[in-house]
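Guided by the hints, dock chain B onto chain A, whose structure is given.
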Amino acid sequence: MSQLGLSLEKLSLRRGGRLLFEQVELKLAPGEAATLTGRNGAGKTSLLRAVAGLVAVEEGRIGFGAVEPAQARAEMIHLVGHLDGLKPGRTAREELGFWSLWCGTGATSAAHAADAMGLAGLLDLEVRRLSAGQRRRLALARLLAAPRPIWLLDEPLSPLDAEWRARFGEVMAQHLTGGGIILAAVHDPLPIPARELELGA
Amino acid sequence: MSRAGALLAREIALAWGRGGGALVAAGFYAGTATLLPLAIGPEAERLAAIAPGAAWVALALAALLSLERMFERDYEDGALDLLMLAPTPLELVCAIKCLGQWIATGAPLALLAPIAAIALGAPPAMAPLVFACALVGGLAFAFLGGVGAALSLGARRGGLLTAVIVLPLYAPPVIFGGGAMDAFSGGLPWGAGFALLGGYAAAAVALGPLAMAAACRNALS
Chain A
0 MSQLGLSLEK LSLRRGGRLL FEQVELKLAP GEAATLTGRN GAGKTSLLRA VAGLVAVEEG
60 RIGFGAVEPA QARAEMIHLV GHLDGLKPGR TAREELGFWS LWCGTGATSA AHAADAMGLA
120 GLLDLEVRRL SAGQRRRLAL ARLLAAPRPI WLLDEPLSPL DAEWRARFGE VMAQHLTGGG
180 IILAAVHDPL PIPARELELG A
Chain B
0 MSRAGALLAR EIALAWGRGG GALVAAGFYA GTATLLPLAI GPEAERLAAI APGAAWVALA
60 LAALLSLERM FERDYEDGAL DLLMLAPTPL ELVCAIKCLG QWIATGAPLA LLAPIAAIAL
120 GAPPAMAPLV FACALVGGLA FAFLGGVGAA LSLGARRGGL LTAVIVLPLY APPVIFGGGA
180 MDAFSGGLPW GAGFALLGGY AAAAVALGPL AMAAACRNAL S
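As you go down the protein sequences, you meet chains A and B in turn. The numbering of the first sequence is numbering that gives the first Met the number 0, which starts it at 0 and goes up by one. The numbering of the second sequence is numbering that gives the first Met the number 0, which starts it at 0 and goes up by one.
The following block holds chain A by itself, in its conformation from the complex (with noise of 0.2 Å):
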C-alpha cells in the first residue's frame, strides 16, 4: 500500500464536446488530501468520475502510483456522490450489506460502520423515509464498512448538520492518518488540512 498515490498529469476533460479544463496537475501521496473547488459545471463530478475510471479523459494521465489503474479501480476506490446508488424501496441495513458485500467485506463491518455513523437505529427504516442527512450517512457508512485507501467525495458534507460535518471530519482525518488519500468536490472548506485545486481558474 506504500506504492500507492494518486496523480493527475496534465489532465484534459472534455464533456459533450465542451473542454471543460485542461492541464490539471495534483499529486497525493498516502496521508493527504485535497479539495476540487470551481464554480457549478467546472468539471469537479467529471472529474471525480474520471479519476474512477467511469469517463474518459481527453488528454493527459491519471496514475495511482505503483498500481495498475484497472486494479486501483476495482479494489482501492469509494466514490460517494450525490446519486447515492441506494434503493429507496429497501431498507437502510440491506442497502448497506448488500454495498459492504460488494466492495468486499462483511456484516459484521456493515454493522460497525452504522454504528460509526450513527445509524444503528435507522437500519429498518426504508431509504426512502431518511432525510437528507441520515441518507448521506448511509452512503458514507460504505467508506467505513469496506476499507479502501482513496475516497472521492462529491460534496460529501452538503446535508449534513453542524455535529455530523464535525464527526465527519473525524473520520476523514482518521482516514488520512491511516494513510489513506482523500480527494473531495467541495464548495465549504472541508474540515480537515486539505490542498486545494481550483478548476477553471
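Simulated from the structure, these hints should not be mistaken for laboratory data. Hints are not guaranteed to be accurate.
Some chain A residues flagged as far from chain B (calculated, every beta-carbon gap over 10 Å) [stated by the list, open to error]:
#1 GLY16
#2 LEU53
#3 VAL54
#4 ARG72
#5 LEU78
#6 ARG194
Covered by chain A, per the in silico footprint, the following chain B stretches (three or more residues, Cβ under 8 Å) [unchecked claim]:
#7 97-111
#8 201-214
Backbone N, C-alpha and C define an ideal beta-carbon position, used for all residues, glycine too.
Quick look at chain B alone, frame taken from chain A:
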C-alpha cells in the same frame, strides 16, 4: 456470501419488490391469454389449433414488461457507477442481472405457460414441452431483453424503445419454440425446433453480456 451471490439476491429482491414485477407480468400474461379467445371466438376447435402458439406469443410480450427498469433504476440512482468499482467484470454483472430477471419473472411465467396453453385448449400431454420451451425461451428473452434495456439507457420513453429494439430479436426464439410445439401437436419429431431454441438461448447468454456491458459503459461515459 460472495459478491455474485449478493448481487443476484439483490436483483431478485428488486424485481419482486414493490410493484411486484413478477406478479404484474404474470397478470398481464393471464390477461392476454384470456383476451385472445374473446377476439378469435370461443369455438374449441379453432382455439385448440392456435393454443400453444398464442400462449407462446403472449409469453414473449409478458417478458417485455419488466425489462425497462432492469438497468434504468441502477443508472438513474448511480448504483451502476458503484457496481463498476469492483473486481467483478461488468459483463458478469450484466449476466447476473439477466439471470435475476429470469429467476424473478421468467420462471413464474414458465409455470403459467402450460396452464394458459391448456386453458386455451391444448392437449395436456403438451404441457411439459410448453413448460420447457417457456423456461429455455425465457432465458433468451431475459438476456436479449437486457441488451435492449442497456441500449436504451438514458433515452426518453426508454421502455418503448426497449420493446422496439427487442421484439425483432424475439422473433427467432418465437419461431423455433412455436415450430417445436406445432410439430409436437402434429405428431412429428419436435426435437429440432427445441434444439434450435436452446442454441439461440445459449448464444444470447454467451453474447448478450458483452453487448450489455458495452452499452452500459457508453451510457455512463
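Check of the stretch 201-214 of chain B against chain A for coverage (Cβ-Cβ below 8 Å, three residues minimum): violated (count 0)
Within 8 Å of chain A's CB atoms, at least three CB atoms from the stretch 97-111 of chain B: coverage verdict: Contact hint for the stretch 97-111 of chain B vs chain A: violated, 0 residues under 8 Å.
Chain B versus A:VAL54 - minimum CB to CB distance exceeding 10 Å, so not interface: At roughly 5 Å from the nearest Cβ of chain B, A:VAL54 sits no farther out than 10 Å, so the non-interface label is violated.
10 Å Cβ clearance of A:ARG72 from chain B: violated (6 Å)
Claimed clearance of chain B by A:GLY16, with the beta carbon kept past 10 Å: Non-interface label stands for A:GLY16: nearest chain B Cβ at 14 Å, farther than 10 Å.
10 Å Cβ clearance of A:LEU53 from chain B: violated (5 Å)
No chain B beta carbon within 10 Å of A:LEU78's: violated (6 Å)
Beyond 10 Å from each Cβ of chain B, as asserted for A:ARG194: Correct as stated: the minimum Cβ-Cβ distance to chain B is 24 Å, above 10 Å.
The structure is inconsistent with the numbered hints 2, 3, 4, 5, 7, 8, although it conforms to all the rest.
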